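J.: With the hints as your guide, set chains B, C and D onto chain A.
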Amino acid sequence: MTDVVLRTERLFKNFGALKATNNVSLDLRKGEIHALIGPNGAGKSTLIQQITGHLASDSGTVCLMDEDLISVGPAERARKGLGRTFQISSLAMEHTVLQNAVLGALGQRGNVMSFFKPVMKDAQLVSAAKAALAQVGLAEFAATRTADLSHGQRRQLEVAVALTLKPKAFLMDEPMAGLGLEGAQQMIGLLTDLRKEAPILLIEHDMDAVFALADRISVLVYGEVIATGTPEEIKVNPEIRRAYLGDEVPA
Amino acid sequence: MKRETWINGAALAVLLGVPLWAVMADEPFIITLATRAAIFALAGVGLNLALGTGGLVSLGHAAFFGIGGYAMGILASHAQSYAPIMEAPFLIEGTKSMPVIWLVAMVTSALVALVIGMLSLRTSGVYFIMITLAFGQMIYYFAISWPAYGGEDGLSIYVRNGFPGLNTLVPLQFFGLCFAILCLALVLMNAIHKSAFGLALSAARQNETRVLSVGMKPYHLRLVAFVISGAVTGLAGALFADLNRFVSPTMLSWQMSGEIIIFIIIGGVGRLFGPVIGAMIFILLEHTLGGLSEFWHVYLGALLLGIVLFAKGGVIGALAGREKAHD
Amino acid sequence: MTTLLFIEQMLNGLQFGVMLFLMSAGLTLVFGVMGLINLAHGSLYMVGAFAAAAVAAATGSFVLALMASLAAAALAGALIELTIIRRLYDRDHLDQVLATFALILIFSEGTRWMFGSFPLFLDVPSVLAGPVTLPGGIQYPAYRLSIIVIGLVVAAGMFGLINRTRIGIRIRAGEADREMIAALGVDIAKLYTFVFALGAALAGFAGALVGAIQSVQVGMGEPVLILAFVVIVIGGIGSIKGAFVGALLVGFTDTMGRVLLPQVFGLFLEPSAAVSVGSALASMLIYILMAGVLVFRPRGLYGVA
Amino acid sequence: MKLRSAALAAAMALTGATAQADVKVGMITTLSGGGAGLGIDVRDGFMLAVKQAGRDDLDVVIEDDQRKPDIAVQLADKMIQSEKVDVLTGIIWSNLAMAVVPAATAQGKFYLSPNAGPSPLAGKGCHENYFNVAWQNDNLHEAAGAYANDAGLKDSFILAPNYPAGKDALTGYKRFFEGDLSGELYTKLGQTDYAAEIAQIRASGADSVYFFLPGGMGISFLKQYAASGVDLPLVGPAFSFDQGILQAVGDAAMGVKNTSQWNKDIDNATNAAFVDTFQAEYGRLPSLYASQGFDTANLLISAMVKADVADADAFRAALKAAEFDSVRGDFAFGDNHHPVQDIYVREVIKEGDVYTNKIIATGLSNHADAYAVDCKM
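Chains as they are written, first to last, in the numbering used here: chain A, 1 to 251; chain B, 1 to 327; chain C, 1 to 305; chain D, 1 to 377.
Chain A extracted, bound-state conformation:
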């Protein structure tokens, strides 16, 4: 199991009587895209939040490269190598696109307590940020105020910021939502290459994208993983067809 990068074991989370996450154990291996699918309210975002540490787990562990991260907060986990994109864009809206990317590069480098050097003139940070922007296709928007970006561009910027962190694993919460056909195609192309840099745990509603991208798929229903397998295995699994794919609703 040396190629396991990220692993959760027996994760639980209850909101009152609701079992949002129920005994979830899954892993993310080197070089793969592992998609997490399930109907609305199945607890996909809750699970991601538990892995990134934005939400405290009731019990269970989250291990990155065999290091248990369950007791540390989200900032620590990000520094350890969890790069995340959000379901609803979470960016510094008054900053420029480049500033947001530099913020990520700064987080990757570590020493934020620098008070006198102009950060936007730090060649190392700026070139890392620009490289990430170029990779997602936002190079020409570097000087744009983030609030003025389109919805899809913000998605791309989310990914770019995650890239600057040079993470060991990506966690992406619906990176293709609202992108349109062309944008989605671009993103699929991007993610296809990205898995070589670090494996991706992907939440996605767009089933075409999931089946095009994923190496493995886990199905989450009522907080529980009911199956994990290759796209082919999942496609033919009758239980899943009944529980999920049969009454699929477009997101």
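Calculated from the structure, these hints are not laboratory results. Accuracy of the hints is not assured; some may be wrong.
Each pair of labels, with its calculated beta carbon distance range [claimed, not checked]:
id	chain 1	residue 1	chain 2	residue 2	range
1	D	D330	C	P271	38 to 44 Å
2	B	L20	C	S272	36 to 42 Å
3	B	L20	C	W113	37 to 43 Å
4	C	S272	D	G205	19 to 25 Å
5	A	D148	B	V115	47 to 53 Å
6	D	E351	C	L64	56 to 62 Å
7	A	F115	B	A311	30 to 36 Å
8	B	P89	A	L55	48 to 54 Å
9	B	A180	D	D330	54 to 60 Å
10	B	Y82	D	G179	38 to 44 Å
11	A	V72	B	L184	45 to 51 Å
12	D	E351	C	L134	35 to 41 Å
Since this is a predicted model, take the numbers as computed values, not measurements. Every residue gets a Cβ at the ideal spot worked out from N, C-alpha and C, and that includes glycine.
T.: Just chains B, C and D now, kept in the frame of chain A:
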């Protein structure tokens, strides 16, 4: 050059020009007013790092202003009476030297800001406003009932403290000193604003989750900002006490905290020169409206209301439009 | 301290707490529903007290004075809501703090302009003047007992209003989701005006009730305002239940602190130092309480996360 | 706000070169916000005397300090630097006086205090240019202690706010009171509810209560005390029983003994004329503060008659002589330039619909303050 830069330059020119004119017109009181404006501006510049850049609405910054004032009052009063502050375990004597007083004022305010910040920053939003108010009130009531340094009567210093090479009793020289410190603070704040820390702090105000997700702790960023902010406001307090040659718990009152916020809002939140322009306008209003009517607070209130309701972004915002200070 | 005196002091704590609840109920309601920090709440308290004093002086009737306080404060509240406050709902807290701070200046000096600089006279009604003897022989002012009763009735009324009535349902819905309530066809602007006027009326009513045993003067609202904020922050802003618990907590802490701290310090300090240190600490005590609560529960006792 | 009582420079020129320069007075007092009533009374009393004197070489500039020490300091700077005043006066509160007076006198200006008399300025911090025309802060409390002895009170419960003037007050009372103290309490400054304190008074077994709670605090305390059913005799300084606030206290104050260096029934011609003209001019009874403002102006005018303000030594000597008709009757300065005067005991009564005071005894005769010995002038 951007329009805001022109406005900033004009503000500094006016603040520097008025006292120079006053010397020629033999209106020494105008110099005192300008000094007061410069000092209030400095206090606002301090708060603006926490409030404008960091989004931390502190209604307790009078605590640091007052602590700076008392640092000056206590040191100078001991020097005046030749009584050491403490003899055991080691001797600490009072002093009338401004640089030493400033250092003590800043370090003390920073330490208190560290403690208050560590506790207060566990909360956010309205709760943060209120918990900082609570700490301010604690220190205020402590100062009133603590008899050693005058309680509510405050502490008077007979002669202004000294600065090597200057005669601080000459109004223009003391003004020059305060003005120089203000400029230094503006340069410093500008640097901080453009630094890695400034970028992260301002991002934490806009989106806390984003900052967490790139591996930074907003709590630490805010705490550092709060401490720097407290230290600068504390320095302003020491200067203010020296201007008046007097310090009292009034400097610690919650109305004082409110006034510092007012300077910032009049000028423009998060703008480097917001507090400078705000303080100048406030002093001007206080001086002119106060002469018009016994009930001048009514007009002051109406004016503030107008600024909040109709001039979003303060005076700089109204003049410079929506260009942002960030680049 | 004898048991009897201790019980009397507990009663004083309760009474002070109930008084604080009257002052803060409106403030927490307005914050809970509209998300507005209203520093001018203390001014509405003052408006109520002045209206009561003016009417009492003209008619001699305390009941009429109380009604006048309700009417005047509700009117003043509705007026500023319609002209100014409603522009602030969508603003950040900073703008709200500053705008309502400006209102304090206007109200205070406006009142001084109308009524002059000297305190006004407002006395308790003669039926309630003087003390009554409680079981156990405690002499307790009849008016203070009435304040306890009235305060508890108002508290019960507030709970009833929020939990049992149509308007309460709307208020709760408004707290939860402005758009939803608008979708339900409720005129949200009218609802807000009503809630603000109600909060103002409560403040004015408290001003009149308390003004009868305190001093009716310009500036009487500010100390009350700070106390009311301490109360609702401890309780959790927006929660009526929190305001009630917070008020009692502050009432008991402050009263017992004032009484006990000097005695506690008397155990190991010489008398004059003990009195001095004890009193100093007592005057800081409620702020220490508030900071303590917030450090452990950053959103107050009953605040929602 | 600026008032100029004097004629214009042109008028001066017409009358030819006057022997003496004009005297310019800067009055810094509290005219807005809480406590404005006191400043307004001092101002009105002062200006009444100025008007009656009818001197056109006396120029008064009045400014509002908002009861903020830093504003007071700023105004003092302005008056000294820009208005070039010779004499400052008007400050109501001790903490403001402490902020302004040392610096003003150090710059060679005269300061005449119409109200505040903090102990440092009477003792170690006394100054030859500082004259207090009202009282040293402890005086009225000392007289109350002396009166309590005379009245046969053996055991007092005493309370005051926890700030310097409050501590001075209780110290002053204790300096003269010979009985026991069943309780000594410091309340929070600005406190409005006294239920807990009154319960302690009831339980203490004292035979009398002495309290110093100025302004709204006193109103609250008196109302609550009256409703509590505790019937121990109350004694206080005049501040809580003054004309301005008595009407707000009402019946709760009836019969309470309080100490004052002035009352409207002091029997002398100056006082009778003052009470009448003040009422005629302003439509209300004069208060203690108004009487102090009136005396302050008359002291100043008496010095102007005798000396030129430009000759500081002569002017100072003229002030020190205090040869004016005080509404208090005899008035003299001690070595530390604080009054040596009689302090009376008054009782609150009702005249028609108006609550007021009448003198029932003399608490202390020819009383100076305890700090004079520390003053090296």
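J.: Taking the hints in turn, state whether each one holds.
T.: Comparing the hints with the structure gives:
1. D/D330 to C/P271: 38 to 44 Å: 39 Å, holds
2. B/L20 to C/S272: 36 to 42 Å: With a Cβ separation near 54 Å, B/L20 and C/S272 fall outside 36 to 42 Å, so the hint is violated.
3. B/L20 to C/W113: 37 to 43 Å: 40 Å, holds
4. C/S272 to D/G205: 19 to 25 Å: Cβ of C/S272 to Cβ of D/G205: about 20 Å, so the range 19 to 25 Å holds.
5. A/D148 to B/V115: 47 to 53 Å: With a Cβ separation near 41 Å, A/D148 and B/V115 fall outside 47 to 53 Å, so the hint is violated.
6. D/E351 to C/L64: 56 to 62 Å: Taking Cβ atoms as reference, D/E351 and C/L64 lie about 28 Å apart, which means the hint is violated.
7. A/F115 to B/A311: 30 to 36 Å: For A/F115 and B/A311 the Cβ distance comes to about 32 Å; the hint holds.
8. B/P89 to A/L55: 48 to 54 Å: 50 Å, holds
9. B/A180 to D/D330: 54 to 60 Å: At 57 Å between Cβs, range holds.
10. B/Y82 to D/G179: 38 to 44 Å: 41 Å, holds
11. A/V72 to B/L184: 45 to 51 Å: 40 Å, violated
12. D/E351 to C/L134: 35 to 41 Å: Holds: the Cβ-Cβ distance is about 38 Å, inside 35 to 41 Å.
This entry does not satisfy hints 2, 5, 6 and 11, going by the numbered hints stated previously.
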